[in-house]
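Trainee: This is what each chain is made of:
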Amino acid sequence: MAMHTIKLTVNGEPHEATVESRLLLVHLLRENLRLTGTHIGCDTTHCGACTILFDGQPVKSCTVLAVQADGRQLITVEGLEKDNKLSAIQDGFYQEHGLQCGYCTPGMMITGTALLERNNSPSELEIREAISGNLCRCTGYVNIVKAIQHAARATKQETP
Amino acid sequence: MIPAAFDYHAPTSLSEAVALLSKHGDTAKVLSGGQSLLPLLKLRLGQAGHLIDIGRIPGLEYIKEEGGMLRIGGRTRESALERSEVVRTRYPILLDTAQVIADPLVRNMATVGGNLAHGDPGNDHPATMLVLGAQVVATGPKAERVIPIDGFFVGLFTTALQPDEIVTEIRIPAPPARSGGAYVKFERKVGDYATAAAAAFVTLGASGLVERAGIALTNAGPKPVRSTAAEKLLTGRRPDAAALGEAARAAGQSATPSADRRGAADYKKEMAGVLALRALTKAVQRAGGR
Chain A
1 MAMHTIKLTV
11 NGEPHEATVE
21 SRLLLVHLLR
31 ENLRLTGTHI
41 GCDTTHCGAC
51 TILFDGQPVK
61 SCTVLAVQAD
71 GRQLITVEGL
81 EKDNKLSAIQ
91 DGFYQEHGLQ
101 CGYCTPGMMI
111 TGTALLERNN
121 SPSELEIREA
131 ISGNLCRCTG
141 YVNIVKAIQH
151 AARATKQETP
Chain B
1001 MIPAAFDYHA
1011 PTSLSEAVAL
1021 LSKHGDTAKV
1031 LSGGQSLLPL
1041 LKLRLGQAGH
1051 LIDIGRIPGL
1061 EYIKEEGGML
1071 RIGGRTRESA
1081 LERSEVVRTR
1091 YPILLDTAQV
1101 IADPLVRNMA
1111 TVGGNLAHGD
1121 PGNDHPATML
1131 VLGAQVVATG
1141 PKAERVIPID
1151 GFFVGLFTTA
1161 LQPDEIVTEI
1171 RIPAPPARSG
1181 GAYVKFERKV
1191 GDYATAAAAA
1201 FVTLGASGLV
1211 ERAGIALTNA
1221 GPKPVRSTAA
1231 EKLLTGRRPD
1241 AAALGEAARA
1251 AGQSATPSAD
1261 RRGAADYKKE
1271 MAGVLALRAL
1281 TKAVQRAGGR
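In order, the protein sequences belong to chains A and B. Quick note on numbering: my numbering labels position 13 of the first sequence as 13, and the sequence is numbered without any gaps. Quick note on numbering: my numbering labels position 264 of the second sequence as 1264, and the sequence is numbered without any gaps.
Calculated from the structure, these hints are not laboratory results. As the structure is a computational prediction, the values presented were derived from the model and not from experiment. Don't take every hint at face value.
Listed below are the simulated DSS-like cross-link pairs for lysine-lysine, each with C-alpha atoms no more than 27 Å apart in a straight line [said to hold, decoys possible]:
#1 A/Lys146 x B/Lys1189
#2 A/Lys7 x B/Lys1269
#3 A/Lys146 x A/Lys82
#4 B/Lys1232 x B/Lys1189
#5 B/Lys1232 x B/Lys1269
#6 A/Lys85 x A/Lys156
A few chain A residues facing chain B, derived, Cβ under 8 Å [what the hints assert, rightly or not]:
#7 Thr45
#8 Thr51
#9 Val59
#10 Glu129
Quick reminder that beta carbons are idealized off the backbone N, C-alpha and C, glycines included.
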């Protein structure tokens, strides 16, 4: 069994782990690092519940090997809150009731965070395109879009 | 789902990667973006003894127009195509294509070289590359070689690549004046493979007649389908509705799709023709024809 020692930064904190080649990144996060905010939904690259930021880009962590994250910077949903303050996206989901069962929410918020970093005033269409790789099993997309719009407005007020 | 065990290698140079491929032969697979390979391994539809991750080799991600060609580094992410100014302004057919591959999250990992090297007739780049007359640059133990796209796809999941070769660049001839291309895909939902999809590229002569035409189809047979019959029908003609319709029907006839949950074979064949017409119409518009 091929084992590898990897070093990575998750939510600003350095971690080291010895992992099997075939370990998936989502399992490293959930089982080794106990960061269970990142969900496993379909496990077949469809649903986006496992979305994390990988060197700043939102990717599906069920379709990345843990060894590929060696030396990389990751952000999971646990890393969105700063100093006990919800991020703009988190607050948007709270204010606009952007969740029902909550299963897709970590992935939606990560994707939303990446979108607003690239484009702080996305149109509804741009938001819908950006989250097209994140499935909401409750079909609560209307409020998810509103939540991201709310966050976009808040972000713009902070940094005009 | 957990893949069967394999060894993982992360070479930091191309020569090291090729040496590992030579050493491990066909038990090795190149890991580029991994968005097709890892699902296959997880579902255990495929198995590999060794994964050679090319993700740490510098210099494989670029998009540049140079020497009359667009050069795309083999590991260039699909999302980079979407955000590229030269692609947006000069190669809209590539933007059409990149935007409908899987979903935005997958496109942050998935690579252009991987999309071609996988040899999946359901992938979207092959049809586009066929109509653009692209060349695939493969680097092996001796040297690099240039494979014209027409000879690249050999069969289902099979390409002209040797087990010890890596796709390092894709070259696309710069479009001549009065050229236009388009890729149109019909999918059940975002992220699905095409029920049917078509790529078209036309170059118009000074008199407005079609000088060169390229028409190809996705998911219309065991490998990407280039419809030379449709291309011949269009070449030398005025690209009016009648000519485009005839060519599109011929393109549909060249499809040999199989029935699956996306539809019956006859339906997909019909749709291939419909999408070929849409792609051709858009390509002619972009060429300034109408």
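Trainee: Hint by hint, say whether it matches the structure.
Mentor: Verification of the supplied hints:
| no. | hint | result |
| --- | --- | --- |
| 1 | A/Lys146 x B/Lys1189 | holds, 22 Å |
| 2 | A/Lys7 x B/Lys1269 | violated, 51 Å |
| 3 | A/Lys146 x A/Lys82 | holds, 22 Å |
| 4 | B/Lys1232 x B/Lys1189 | violated, 34 Å |
| 5 | B/Lys1232 x B/Lys1269 | holds, 20 Å |
| 6 | A/Lys85 x A/Lys156 | holds, 18 Å |
| 7 | Thr45 | holds, 5 Å |
| 8 | Thr51 | holds, 6 Å |
| 9 | Val59 | holds, 5 Å |
| 10 | Glu129 | holds, 7 Å |
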